[in-house]
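Chains G and Y are the protein sequences, given in the same order. The opening residue of the first sequence carries number 1 in this note's numbering; numbering runs sequentially from there. The opening residue of the second sequence carries number 1001 in this note's numbering; numbering runs sequentially from there.
Certain hints may be false.
[Said to hold, decoys possible] Sample of chain G residues with no beta-carbon within 12 Å of chain Y, all distances over it, derived:
(1) P113
(2) G143
(3) E184
(4) Y201
[As the list claims (entries may be wrong)] Some chain G residues judged to face chain Y by a derived CB distance under 7 Å, without partners named:
(5) L124
(6) L173
(7) G181
(8) E192
(9) S199
[Said to hold, decoys possible] Label-pair ranges, simulated between beta-carbon atoms:
(10) R209/G with D1041/Y: 32 to 40 Å
(11) E80/G with D1069/Y: 37 to 45 Å
(12) E139/G with K1142/Y: 27 to 35 Å
(13) D1041/Y with G148/G: 44 to 52 Å
(14) P1123/Y with E93/G: 38 to 46 Å
(15) S1124/Y with E182/G: 20 to 28 Å
(16) K53/G with G1173/Y: 40 to 48 Å
(17) D132/G with T1084/Y: 35 to 43 Å
(18) D132/G with G1059/Y: 27 to 35 Å
I should point out that these hints are in silico values taken from the structure, not numbers from a laboratory. Computed from a prediction, not measured in an experiment: that's the story for all the values here. Backbone N, C-alpha and C fix where the C-beta goes; we use that ideal spot for every residue, glycine too.
Here is what each chain is made of, one letter per residue.
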Amino acid sequence: MDRLPRGRHGLSPEFVARNQRERLIAGLTQALYEVGYQKTTVSLIGQKAAVSKSDFYKHFESKDDCFVAAYDDTIDQIREQVVIGCEMTGEEEWPYRVRNAIAALLELLSREPALASIALVEGLRAGRGIYDRYQAAVESFVGLLRDGAPQPHAGTEVPDATDEAVVGGIASLLGRRVLAGEAERLSELFPEILEFTLSAYLGAEEARRIVSAG
Amino acid sequence: MSAMRPELPREFVASHKRRRMMDAIAELTAEGGYEATKIADIVRRAAVARKTLYDNFDGKEDLFLSAIDTTVAEMRERVEAACTEAETAEGGIVAGLEAALDFVAEHPAASRMCMVEAISATPSSARLYDAAVRDFVELFRKSAPEGDDLPATIEESLVGGVAWILQLQIRRGEADQAPELLSELSQFVLSPYLGVGKVVDTGRRK
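Full structure from sequences and hints, please.
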């Protein structure tokens, strides 16, 4: 029976039951989080995934190939979670959708720090190909944030760059915390990130009101 | 005609050569990336002997890191001077932002090296990038207007947001137009302090 070793962040049975390819992807993500890109070898990935080296090469050409797949997979998982957050509880109002999306994002990243690490830190350090993917991911979140955001009107014009700057700012803050070894505590940043995001559109006072209303 | 030429001071020549090598690696990494940049390309671009490069630097990475370090220090100095000269805190933030945007426009290759290439080139260059962001966050914190009970991480988010916009601009190959972002970015970074959509007088010199 193939089994994944229980690491620092014990993996759920559902997770273990996924197919080999998914396990390899998860194995790489976990290895990257624990030892960094350089020390993540195909053997270590296989070990984490309980998949033999020869089976590894049935799924991927190389570590880099697996890495790119893992990056895409991570971004898909994060986006899926954020979209669920946006649609949750039937909240129609934009500030509450933003609130739910940020809560969902931080909940996932704190629960799976290895995902936070590859998405925000290790992925970027690995090379230019990934940076394009990172940029595309940020852009897709920009679209989600912009959707339904308060429209500029006379006197309170929200600058065009705001959506991009807000998402880029959140990503940067989260990346810095992951680097500081605080990935598991990202959800503690929820009130601050929500206030930062809303205040760029609604002003600090209104943002604070929504944040303190929970 | 006498063959005599004015002799340039030795130190001047030496520092000029160092500068040329740092400029060369900035241009080459901006054009083709760090990996693809070879020592041979650098010495050719800088018009220095290979030996000169190794007399001054341990190798490609050392030169790269020195170039990043020097560029970040220059940018920081300009931004800090601009912040300090202004009469008000919000004026200081706008002036600092203006100095940063002007720097990017004037030094597109060096800016790309520090803000884009550094992140993925080597572990040490990534650390320099992180340290630079931390320094700019500190500078922002020191210079920002009094905030009323703002999140403790607000400066990190704002500086990260500005850096992201500049990275996009640089990656689009439009570093030269960075100064056009002054008004929008000023409003963005000052919105937690002054309110949304407050027209900031950027006092931009036309």
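Hints, one by one, checked against the model:
No beta-carbon of chain Y is positioned within 12 Å of the beta-carbon of P113/G; the least distance is around 18 Å. Residue-level check passed: G143/G sits 15 Å from the nearest beta carbon of chain Y, beyond 12 Å. For E184/G, the non-interface assignment is confirmed: its Cβ lies about 17 Å from the closest Cβ of chain Y, beyond the 12 Å cut-off. At roughly 6 Å, the least C-beta separation between Y201/G and chain Y is not larger than 12 Å, which violates its mark as non-interface.
Checking L124/G against chain Y: minimum C-beta separation of about 5 Å stays under 7 Å; hint holds. Interface restraint check for L173/G: the shortest CB-CB distance to chain Y comes to about 5 Å, inside 7 Å, so the restraint holds. At a threshold of 7 Å, the smallest CB-CB gap from G181/G to chain Y is about 13 Å, leaving the interface hint violated. Hint status for E192/G: holds, given a least beta-carbon distance of 3 Å to chain Y, under 7 Å.
The interface hint given for S199/G holds, since its Cβ lies 5 Å from the closest Cβ of chain Y, which is under the 7 Å cut-off. Between R209/G and D1041/Y the beta carbons are some 57 Å apart, a value that contradicts the proposed interval 32 to 40 Å. Our hint of 37 to 45 Å for E80/G and D1069/Y holds, since their Cβ atoms are close to 41 Å apart. Take E139/G and K1142/Y: their Cβ atoms lie about 32 Å apart, and the range 27 to 35 Å holds.
Between D1041/Y and G148/G the C-beta distance comes to about 50 Å, which sits within the given range of 44 to 52 Å. A beta carbon spacing of about 44 Å between P1123/Y and E93/G agrees with the range 38 to 46 Å that was offered as a hint. Distance hint check: the CB atoms of S1124/Y and E182/G are about 22 Å apart, consistent with the given range 20 to 28 Å. K53/G and G1173/Y have their C-beta atoms about 42 Å apart, which keeps the hinted 40 to 48 Å range intact.
The supplied range of 35 to 43 Å is met by D132/G and T1084/Y, whose beta-carbon atoms lie about 38 Å from each other. Separation of D132/G from G1059/Y is about 28 Å and conforms to the stated range, judged on CB atoms against 27 to 35 Å.
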